[in-house]
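Peer 1: Just so you know, the sequences run in chain order A and B.
Here the UniProt record's numbering is used: the first residue of the first sequence is 1, the next is one more, and so on.
Here the UniProt record's numbering is used: the first residue of the second sequence is 1, the next is one more, and so on.
Check before you lean on any hint, since a few could be wrong.
Each pair may be met inside one copy or between any two copies, as identical chains are not told apart.
[Claimed, not checked] The calculated BS3-like cross-link candidates involving lysine-lysine, where the alpha carbons are at most 30 Å apart (straight line), are:
#1 K190 with K533
#2 K419 with K205
#3 K378 with K205
#4 K237 with K261
#5 K237 with K355
#6 K161 with K412
No wet-lab data here; the hints were simulated from the structure.
Each chain, letter by letter, is given below.
There are 2 protein chains.
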Amino acid sequence: MNSKRIGVLGGGQLGRMLVEAASRLNISITILDSPVDSPAKQIQATSRHIHGDFKDPLKIQELAQNVDILTIEIEHVNVETLETLFSEKRIEIHPHPFTIRIIQDKFLQKTHLSQNEIPVVDFIDISDRDSINIAVKKFGYPLMLKSKTLAYDGRGNHIIKSEDDITKALETLGNFKNPLYAERWSPFVKELAVMVVRSVDGVMKSYPVVETVHKENICHLVIAPAQHDSIILGRAKEIAEKAVLTFKGCGVFGVEMFLMKDGQIYVNEIAPRPHNSGHYTIEACQTSQYENHIRSILNMPIGSTSLKVPAAAMINVLGKSDNLQETLSPCVEALTTSGATIHLYGKRECRKGRKMGHITIVADSISQLYERINPILKMIDENDSSITTTRSNIQPLVGIIMGSDSDLPTLKPCAEILKSFDVPFELSIVSAHRTPMRMVQYAKDAHVRGLKVIIAGAGGAAHLPGMVAALTPLPVIGVPVKGKTLDGVDSLYSIVQMPRGIPVATIAINNSTNAGLLAVRQLGSFIPNYLQKMQEFMERQENEVLTKVEKLDKVGWENY
Amino acid sequence: MNSKRIGVLGGGQLGRMLVEAASRLNISITILDSPVDSPAKQIQATSRHIHGDFKDPLKIQELAQNVDILTIEIEHVNVETLETLFSEKRIEIHPHPFTIRIIQDKFLQKTHLSQNEIPVVDFIDISDRDSINIAVKKFGYPLMLKSKTLAYDGRGNHIIKSEDDITKALETLGNFKNPLYAERWSPFVKELAVMVVRSVDGVMKSYPVVETVHKENICHLVIAPAQHDSIILGRAKEIAEKAVLTFKGCGVFGVEMFLMKDGQIYVNEIAPRPHNSGHYTIEACQTSQYENHIRSILNMPIGSTSLKVPAAAMINVLGKSDNLQETLSPCVEALTTSGATIHLYGKRECRKGRKMGHITIVADSISQLYERINPILKMIDENDSSITTTRSNIQPLVGIIMGSDSDLPTLKPCAEILKSFDVPFELSIVSAHRTPMRMVQYAKDAHVRGLKVIIAGAGGAAHLPGMVAALTPLPVIGVPVKGKTLDGVDSLYSIVQMPRGIPVATIAINNSTNAGLLAVRQLGSFIPNYLQKMQEFMERQENEVLTKVEKLDKVGWENY
Numbered sequence: 001m002n003s004k005r006i007g008v009l010g011g012g013q014l015g016r017m018l019v020e021a022a023s024r025l026n027i028s029i030t031i032l033d034s035p036v037d038s039p040a041k042q043i044q045a046t047s048r049h050i051h052g053d054f055k056d057p058l059k060i061q062e063l064a065q066n067v068d069i070l071t072i073e074i075e076h077v078n079v080e081t082l083e084t085l086f087s088e089k090r091i092e093i094h095p096h097p098f099t100i101r102i103i104q105d106k107f108l109q110k111t112h113l114s115q116n117e118i119p120v121v122d123f124i125d126i127s128d129r130d131s132i133n134i135a136v137k138k139f140g141y142p143l144m145l146k147s148k149t150l151a152y153d154g155r156g157n158h159i160i161k162s163e164d165d166i167t168k169a170l171e172t173l174g175n176f177k178n179p180l181y182a183e184r185w186s187p188f189v190k191e192l193a194v195m196v197v198r199s200v201d202g203v204m205k206s207y208p209v210v211e212t213v214h215k216e217n218i219c220h221l222v223i224a225p226a227q228h229d230s231i232i233l234g235r236a237k238e239i240a241e242k243a244v245l246t247f248k249g250c251g252v253f254g255v256e257m258f259l260m261k262d263g264q265i266y267v268n269e270i271a272p273r274p275h276n277s278g279h280y281t282i283e284a285c286q287t288s289q290y291e292n293h294i295r296s297i298l299n300m301p302i303g304s305t306s307l308k309v310p311a312a313a314m315i316n317v318l319g320k321s322d323n324l325q326e327t328l329s330p331c332v333e334a335l336t337t338s339g340a341t342i343h344l345y346g347k348r349e350c351r352k353g354r355k356m357g358h359i360t361i362v363a364d365s366i367s368q369l370y371e372r373i374n375p376i377l378k379m380i381d382e383n384d385s386s387i388t389t390t391r392s393n394i395q396p397l398v399g400i401i402m403g404s405d406s407d408l409p410t411l412k413p414c415a416e417i418l419k420s421f422d423v424p425f426e427l428s429i430v431s432a433h434r435t436p437m438r439m440v441q442y443a444k445d446a447h448v449r450g451l452k453v454i455i456a457g458a459g460g461a462a463h464l465p466g467m468v469a470a471l472t473p474l475p476v477i478g479v480p481v482k483g484k485t486l487d488g489v490d491s492l493y494s495i496v497q498m499p500r501g502i503p504v505a506t507i508a509i510n511n512s513t514n515a516g517l518l519a520v521r522q523l524g525s526f527i528p529n530y531l532q533k534m535q536e537f538m539e540r541q542e543n544e545v546l547t548k549v550e551k552l553d554k555v556g557w558e559n560y
Numbered sequence: 001m002n003s004k005r006i007g008v009l010g011g012g013q014l015g016r017m018l019v020e021a022a023s024r025l026n027i028s029i030t031i032l033d034s035p036v037d038s039p040a041k042q043i044q045a046t047s048r049h050i051h052g053d054f055k056d057p058l059k060i061q062e063l064a065q066n067v068d069i070l071t072i073e074i075e076h077v078n079v080e081t082l083e084t085l086f087s088e089k090r091i092e093i094h095p096h097p098f099t100i101r102i103i104q105d106k107f108l109q110k111t112h113l114s115q116n117e118i119p120v121v122d123f124i125d126i127s128d129r130d131s132i133n134i135a136v137k138k139f140g141y142p143l144m145l146k147s148k149t150l151a152y153d154g155r156g157n158h159i160i161k162s163e164d165d166i167t168k169a170l171e172t173l174g175n176f177k178n179p180l181y182a183e184r185w186s187p188f189v190k191e192l193a194v195m196v197v198r199s200v201d202g203v204m205k206s207y208p209v210v211e212t213v214h215k216e217n218i219c220h221l222v223i224a225p226a227q228h229d230s231i232i233l234g235r236a237k238e239i240a241e242k243a244v245l246t247f248k249g250c251g252v253f254g255v256e257m258f259l260m261k262d263g264q265i266y267v268n269e270i271a272p273r274p275h276n277s278g279h280y281t282i283e284a285c286q287t288s289q290y291e292n293h294i295r296s297i298l299n300m301p302i303g304s305t306s307l308k309v310p311a312a313a314m315i316n317v318l319g320k321s322d323n324l325q326e327t328l329s330p331c332v333e334a335l336t337t338s339g340a341t342i343h344l345y346g347k348r349e350c351r352k353g354r355k356m357g358h359i360t361i362v363a364d365s366i367s368q369l370y371e372r373i374n375p376i377l378k379m380i381d382e383n384d385s386s387i388t389t390t391r392s393n394i395q396p397l398v399g400i401i402m403g404s405d406s407d408l409p410t411l412k413p414c415a416e417i418l419k420s421f422d423v424p425f426e427l428s429i430v431s432a433h434r435t436p437m438r439m440v441q442y443a444k445d446a447h448v449r450g451l452k453v454i455i456a457g458a459g460g461a462a463h464l465p466g467m468v469a470a471l472t473p474l475p476v477i478g479v480p481v482k483g484k485t486l487d488g489v490d491s492l493y494s495i496v497q498m499p500r501g502i503p504v505a506t507i508a509i510n511n512s513t514n515a516g517l518l519a520v521r522q523l524g525s526f527i528p529n530y531l532q533k534m535q536e537f538m539e540r541q542e543n544e545v546l547t548k549v550e551k552l553d554k555v556g557w558e559n560y
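Okay, chain A solo, but in the shape it has when bound (with noise of 0.2 Å):
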């Protein structure tokens, strides 16, 4: 396919599934790394790697004398070599050594951004202790404390809540031996991820915003895709572009956001590399992130960035302590765990902290992946509060409205039903004559708030589940509410008699026993367990009956 052979700096487990992308393409990788069996390196036979520390001048050129194209896994490499190599033209580097420069020092990158008019959190220099002062006076307590350089994964950040806090946190943090800067304290109401890629002439492609969860400041738990409003998440992809855009060379980019209780979207930082938050792109995705910089560094078309499946997880397994049984249990988990694929790094030591693995799930419905990654997650923290039953429970899965307070009588047997079978759902009065304006937000919302289908109720010229379903792409049940005059039947063409284009599922008068059921059904075609609550209802009302025939054979038909 591709004759140029690539080498890279680092050889840590992002190095080895690039690796494994490029071995299927038959492209050569040569790693550069101090240990001789680095996870990169066990699966890579041919080349013969270099090893030595990424940091090293000497290394680095014996790298690229031996490779076209020069590539990193880790952005804390000898940028200055890198530099002089590019400046020489001595060989292609991907990204551009003037990105890696940018990116390694965090405080220089968020200066970057902000300049080029992307979000960031409000962020000032921190020079000695008396700017510590300044940044307290502007940005009040708590105030973020961190590292410009060589800060990853949880280390070189530091909160400080009051003045007592300060000395603790500069020890913390080397005492000015390495460079700090500040941050304003900014309370995300959720972490957002983009991988974005682009090949050397310029094509882009994003894949799916997710949404991540970390712990102690390493990425945990991945969900693709982000489960938020479509427009926060247009957003959030159009912001992540706008920042690659602002970087020079090709390849994928990681762009972390956080996104605030307002709407507003901060970019956090970004990776010029495979991330941690696109490992799920390997079975989730039509082309993996490690096989698109692959090809795009090498200027071959960039691959698909769609999802191939509804949803997707990725869940980190990272060293509990030096014992390696211990770690693993999340992936004995998964081995039972449909839609489940483990990968090890092929890591020798096991420490506490260490990212020794991950696993990717993927499922049919968000609603089935949460089932399938909920025990894997609680083999890692029995009490893992990331963990999402209670936000599956709370989050409903069925809307209940109607157009006045009225009709909850008639209404309130589909509750009823839904809470027998054990169904999420919320109830709520939307008048579409009355309330246009919530009717419209409901209804333009209900399929970003999770809801599968909406339920709606209306008297006389009823309007509310048509217009309703003009408004949302999902299902829509009406129930037609029998009124003083007309036995209910204008209520029911009202609603049934909708025009070509926008269905509304309409059911009998006044029976909303059967809008509910309906419901259950629909929700059962997907969800088994629904299905099998159904098959179950439907017997227990087959047997009701057959009670009553034997009761009447038995006391016959004058005395029953």
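Since the structure of chain A is already known, use the hints to place chain B on it.
Peer 2: Just chain B, lined up with the frame of chain A:
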């Protein structure tokens, strides 16, 4: 996960993909094969592979001394040595040497299957030229003459169409230097294959039945799942599992079958190892055949064999000549094909007919799959006859049924909507009143066959939707069909006014378009792709009206 070391006899592409799967589980594999850089050795740098023939007893013994379990990636190994090692209980061997011995000799294999009541094509031993005449008398012309041993990838088969061909056939097959047998000529309508995996403790799981297309007796194309009716596919799976049960040992077995015109299924041959027809499982299934082979021989839990995508194909990349660039033209096409993943095997030398790699393509539907694979197939052969675009998906998500063919004009727009949204569906006649038992069968089976929604259209005393709803736990959408009297109100009431307990989602009279759209919405709640398509559909619908607004503004109402 598991510290047992595996030794593999053979280091070709199957071995390579075994190594890939094993590496992800940190399981060590040592390869025995002659080339120092055989495909499997290239991606495993931590083992001290053995360079030698997998038929050489000393080399096999050397391998056995260095590992805990032996397995094979090719069955043409020295089975006597394996039997000795096994009988001396010196090492675990999977599959059982006895199984390998049977499989090696196709005549023995067929005899074994036949004795175990597995359906195979009629066959007869050929010991000399005279016995060919006996075979002709028994089976007539054309007659298949086959080598018993060392026959694979098209080698060792010859068709005898008339007496004149006999000398040529015998010459081609080595004039009795290798033992021969003959088979009745059996023109199949389709070739099917099933990968079956069995663990040490007897747990057995099957991958989906796939259809395979061979060219010059070499696997060319695999389509998963096979596009045929579910009863036939169910039988194929049953026969494959029954056949595997007749063999000792665990691991993955590839079962190739012929489907005849009359629905009869014959087992053609069995491979006691991962198989070309299972390559697609890497990208398309929850756990690949390679990982499951590893897991099963290590007595680890077998992973799910289900598809994780709706449809997949595998195209073999065979050497067109010794020109690698020419051979790789389908891969170049695949680089720009969504859902395509290229696997090259690292073979140094390209030769005509040599397996150089394969391409897997995944898709959201069978029709999308054909769209994606056709341009790739064309790069292999401009006039490839194995391509058809007209086949419909037999794994439908929606079932459309109607009481009578006279309802078809009313239901057609529904089918067209589903087609335009790329929803796999089936359409048939099921009458509540004229085919009540067919209706019961249809409704009872629907969810088992994977349907998610049933759309039922009926007129007059329209019982079909409600009766089907009474028999299935799935959501049923009812389409009232307008008759000659009563304007369809009879049908509407018959469908919508269901009793408490059994709901039917009723839509407007004769408006089957809306039934299709409602089904898409129900799928879209759980399958993001359909949700997005529904949003786009609604936007287009809105824009169409807005265009008319503009036109009306421009032209004025008098001239509109």
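Peer 1: Hint by hint, note whether the structure agrees.
Peer 2: To see whether the hints hold, each was checked on the structure:
1. When the C-alpha separation of K190 and K533 is checked against a cutoff of 30 Å, the pair qualifies only between copies, where the shortest distance is 27 Å, while the shortest distance within a copy is 34 Å.
2. Taking CA atoms no more than 30 Å apart as the test, K419 paired with K205 passes between copies only; the shortest distance there is 29 Å, against 33 Å inside one copy.
3. In this assembly of identical chains, the alpha carbons of K378 and K205 lie at most 30 Å apart only when taken from different copies (27 Å versus 35 Å within one copy).
4. Taking the closest pair of Cα atoms, K237 and K261 come within 30 Å of each other only inside a single copy of the chain (18 Å); across copies the shortest separation is 53 Å, beyond that limit.
5. Proximity of K237 and K355 under a CA criterion of 30 Å is satisfied intra-copy only: 27 Å inside one chain copy versus 41 Å between copies.
6. When the C-alpha separation of K161 and K412 is checked against a cutoff of 30 Å, the pair qualifies neither within a copy, at 49 Å, nor between copies, at 68 Å.
Violation of the numbered hints given earlier is confined to hint 6; every other hint is satisfied by the structure.
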